[in-house]
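The residues making up each chain are set out below.
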Amino acid sequence: NAGVTQTPKFRILKIGQSMTLQCAQDMNHNYMYWYRQDPGMGLKLIYYSVGAGITDKGEVPNGYNVSRSTTEDFPLRLELAAPSQTSVYFCASGKNPNEQFFGPGTRLTVL
Amino acid sequence: QKEVEQNSGPLSVPEGAIASLNCTYSDRGSQSFFWYRQYSGKSPELIMFIYSNGDKEDGRFTAQLNKASQYVSLLIRDSQPSDSATYLCAVDTGTASKLTFGTGTRLQVTL
Numbered sequence: 001n002a003g004v005t006q007t008p009k010f011r012i013l014k015i016g017q018s019m020t021l022q023c024a025q026d027m028n029h030n031y032m033y034w035y036r037q038d039p040g041m042g043l044k045l046i047y048y049s050v051g052a053g054i055t056d057k058g059e060v061p062n063g064y065n066v067s068r069s070t071t072e073d074f075p076l077r078l079e080l081a082a083p084s085q086t087s088v089y090f091c092a093s094g095k096n097p098n099e100q101f102f103g104p105g106t107r108l109t110v111l
Numbered sequence: 112q113k114e115v116e117q118n119s120g121p122l123s124v125p126e127g128a129i130a131s132l133n134c135t136y137s138d139r140g141s142q143s144f145f146w147y148r149q150y151s152g153k154s155p156e157l158i159m160f161i162y163s164n165g166d167k168e169d170g171r172f173t174a175q176l177n178k179a180s181q182y183v184s185l186l187i188r189d190s191q192p193s194d195s196a197t198y199l200c201a202v203d204t205g206t207a208s209k210l211t212f213g214t215g216t217r218l219q220v221t222l
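Just so you know, the protein sequences line up as chains A and B, in that order.
Heads up: the first sequence begins at 1 in our numbering, then just goes up one per residue.
Heads up: the second sequence begins at 112 in our numbering, then just goes up one per residue.
Bound conformation, chain A alone (with noise of 0.2 Å):
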């Protein structure tokens, strides 16, 4: 198993731009989360999924999108990126709530 994998690894967005972060899981898991970690501070929840068709917005969830059209690919889109939104972005997928792998991460700056 991959486990749970990220792309792009880093990027630079200008401001104003446009990107999907992809994340993708081969463990057939059902729940699905985007979290951002800003320097020296915990992990904020984006969005989350718990299966296919289904999402709902975390604690952050303004200027993101995202999708979950099947089990194993969870997109985050940004529109109008900002410096705000500069951060490392992690996809973490779990079977249940309580065991959450994470993807490697991206690391994403706006200028």
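Because the hints were derived from the structure by calculation, they are not lab data.
Heads up, a few of these hints could be off.
[Stated by the list, open to error] With a straight-line cut-off of 16 Å between C-alpha atoms, the simulated EDC-like cross-links for lysine to aspartate or glutamate are:
id	chain 1	residue 1	chain 2	residue 2
1	B	K209	A	E99
2	B	K209	B	E114
3	B	K209	A	D56
4	A	K95	A	D73
5	B	K209	A	E59
6	B	K113	A	E59
7	A	K44	B	E116
8	B	K178	B	D166
9	A	K44	B	E114
10	A	K95	A	D26
11	B	K153	A	D38
[To be verified] Covered stretches of chain B (in silico footprint by chain A; criterion: 3 or more residues with CB under 8 Å from a CB of chain A, positions within the stretch not fixed):
id	region
12	151 to 158
13	208 to 217
[As the list claims (entries may be wrong)] So these bits of chain B aren't anywhere near chain A, every CB distance computed over 10 Å:
id	residue
14	G127
15	K167
16	E168
For glycine and all other residues, C-beta sits at the position ideal for the given N, C-alpha and C.
Using the hints, position chain B against chain A.
Same frame as chain A, now just chain B:
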């Protein structure tokens, strides 16, 4: 807003000693408590979790809950230099799928 608080550290302990990490949480209704380890530049990995009904021991790690005082502890026995990392505490929000993370405590195990 439901909060999880941790001392940022660094907590410095000599090799072979017991490291004690704590976090406090604000929501009395929380039922599940998690400890993640995060090495610098890496993604978080789950060490262990406990429910509100009891403590847990797993190898050198013990998680303990004090419901009355609303704090959860992680004890690491026989600390090793490889235990040097940031330890994130997470608590369920009442919605089983969602966790609130603390900002983490940095542990340094010295030779």
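**Prompt:** What are the numbers of the hints the structure violates, in ascending order?
**Reply:** Violated hints: none at all, because every hint is consistent with the structure.
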